[in-house]
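Number of protein chains: 2
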Amino acid sequence: MRLDAFEIISVGNELLNGKTLNTNARWLAKIITKLGGFVRRCTVVRDDVDDISSAIKESMERGVNWLIVSGGLGPTYDDKTLQGVAKALNRELIIDAEALKMVEKKYELMAHHGIIKKANLTPARVKMAKLPRGSKALPNPIGTAPGVMIDEGDRKIICLPGVPIEMKAIFKESIISMIKKVMNNFYYEESVHATGIVESELAPLIEKTLSNNPLVYIKSHPKGYEEGTPEIEIQVTAIAEESSIAKKRVKDALEQLKSMIIEHGGIIGRC
Amino acid sequence: MRLDAFEIISVGNELLNGKTLNTNARWLAKIITKLGGFVRRCTVVRDDVDDISSAIKESMERGVNWLIVSGGLGPTYDDKTLQGVAKALNRELIIDAEALKMVEKKYELMAHHGIIKKANLTPARVKMAKLPRGSKALPNPIGTAPGVMIDEGDRKIICLPGVPIEMKAIFKESIISMIKKVMNNFYYEESVHATGIVESELAPLIEKTLSNNPLVYIKSHPKGYEEGTPEIEIQVTAIAEESSIAKKRVKDALEQLKSMIIEHGGIIGRC
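Taken in order, these protein sequences are the chains called A and B. The opening residue of the first sequence carries number 1 in the numbering used here; numbering runs sequentially from there. The opening residue of the second sequence carries number 1 in the numbering used here; numbering runs sequentially from there.
Check each hint, because a few of them may be wrong.
Chain copies aren't distinguished; within one or between two, either way the pair holds.
[To be verified] Restricting the straight-line Cα-Cα distance to at most 30 angstroms, the calculated cross-link-like pairs of lysine-lysine (BS3-like) are: (1) K208 / K19; (2) K30 / K105; (3) K251 / K101; (4) K156 / K118; (5) K105 / K247; (6) K87 / K258; (7) K118 / K34; (8) K57 / K30; (9) K19 / K181.
Hints are computed from structural coordinates only; laboratory data are not their basis.
Could you put the whole structure together from the sequences, leaning on the hints where they help?
Below you can see the structure in the form of structure tokens.
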């Protein structure tokens, strides 16, 4: 089973001053996990070329297989992601003919619909077509800035816009099929709620379950006290080469854990 | 004006498999920004001692003043934050008398209220009182695991639980006053919506405003097209040593930018 390591880099001051909740990283993490990938780290950096470049280099040094960078592809002065990527990979930023065509078409369409007066390629518009040398432009079915795909040795760096609807559209249209080409894993998860047991009582039961079921992962999430009764959500997950194997592993582990919780005096299900 | 650099490290597999949205990092980023601090980076790592330790070391090497780590302080096998901190700082993990007293009291209270049967200090419970040598335990007014404060030279490392309500309570009770003691900055922000102008048209206007107002920060967030009319949210922010100065800087820049947008044919306000 090939289990590729993914990292996510989110770029944007708005994510670090508390204005914006990073729903993009969560969406990416969820879909990558469901595709059977392994998300090892997510980094959020400011709109700063050096910060972006360092984060990318660090990620490459950790041996990531797929690096997904979101945000900072637009036309404004602080959209600096591609400058950061170019710096990290020591590649020149050049006007990419394919990307320029994509951008040009978008503005022609906007002018046609009366959204803008002139479709001319101003510096701010050309900026979105300046890609690190050797990039492949990915069509943006929603907005203007193309996505960007770069092969760096056997690693892939994928840059997506920060606007969620655009990020998701490019990921679905261009990236999912690429990932599926190299990885064919199945992810399965199931959660239960346990009441009447606190996390410190649950801890040794989880450890015992894991020692019998080393190929699953179990995580407990305490949910507080409902009328004085503690409630914990327990999630069991597995990745396997077959959907049925992943499912069986999760179900087996969960059955054992549930029995032990009941034996301890806990209740399965919400109170 | 002293402008301290903050970093946030969020620990937890659930943040990297898409189960949980990282609202903790956003809450921390927002409150630190409002306290006049500068959040430079946020890193999300898995429940892995080496990953946690590397992220902490990297952050220290970047010269962070305050490192806030959230998640991984609980009693289960995968609560590994303090092991990671101990490894990064090359300090021993020892049972902290103060922390043990806090933990013990919590379980006595739970037993008293009939939530648990026995308040005895099991290994899972003692685990929450094993802190890196030289730590200061911070009372947790809501849950069981104490927060942890470590002085490393002139840098502060603060570990908080991942359960949002506990994280926030400890931050408010113990951390805000510490930050205010060393930093006395004021942050001001104001946003407007512009319609009838696209981001590539707005870009040169923002640049011109910034060259006249170098002490503010301006960020545009395209909001899509309402009935064919583009809408952009523009946020202007400043940090200064006086509240009135920060406010004036933001207002001056915003007035100039608004005039330019109107001159260009755009409209201020939602359409």
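Hints, verified against the model:
no. : hint        : verdict
1   : K208 / K19  : between (43 angstroms within a copy, 24 angstroms between copies)
2   : K30 / K105  : neither (33 angstroms within a copy, 39 angstroms between copies)
3   : K251 / K101 : neither (51 angstroms within a copy, 39 angstroms between copies)
4   : K156 / K118 : neither (36 angstroms within a copy, 53 angstroms between copies)
5   : K105 / K247 : neither (47 angstroms within a copy, 41 angstroms between copies)
6   : K87 / K258  : neither (52 angstroms within a copy, 35 angstroms between copies)
7   : K118 / K34  : neither (43 angstroms within a copy, 41 angstroms between copies)
8   : K57 / K30   : both (24 angstroms within a copy, 28 angstroms between copies)
9   : K19 / K181  : between (37 angstroms within a copy, 25 angstroms between copies)
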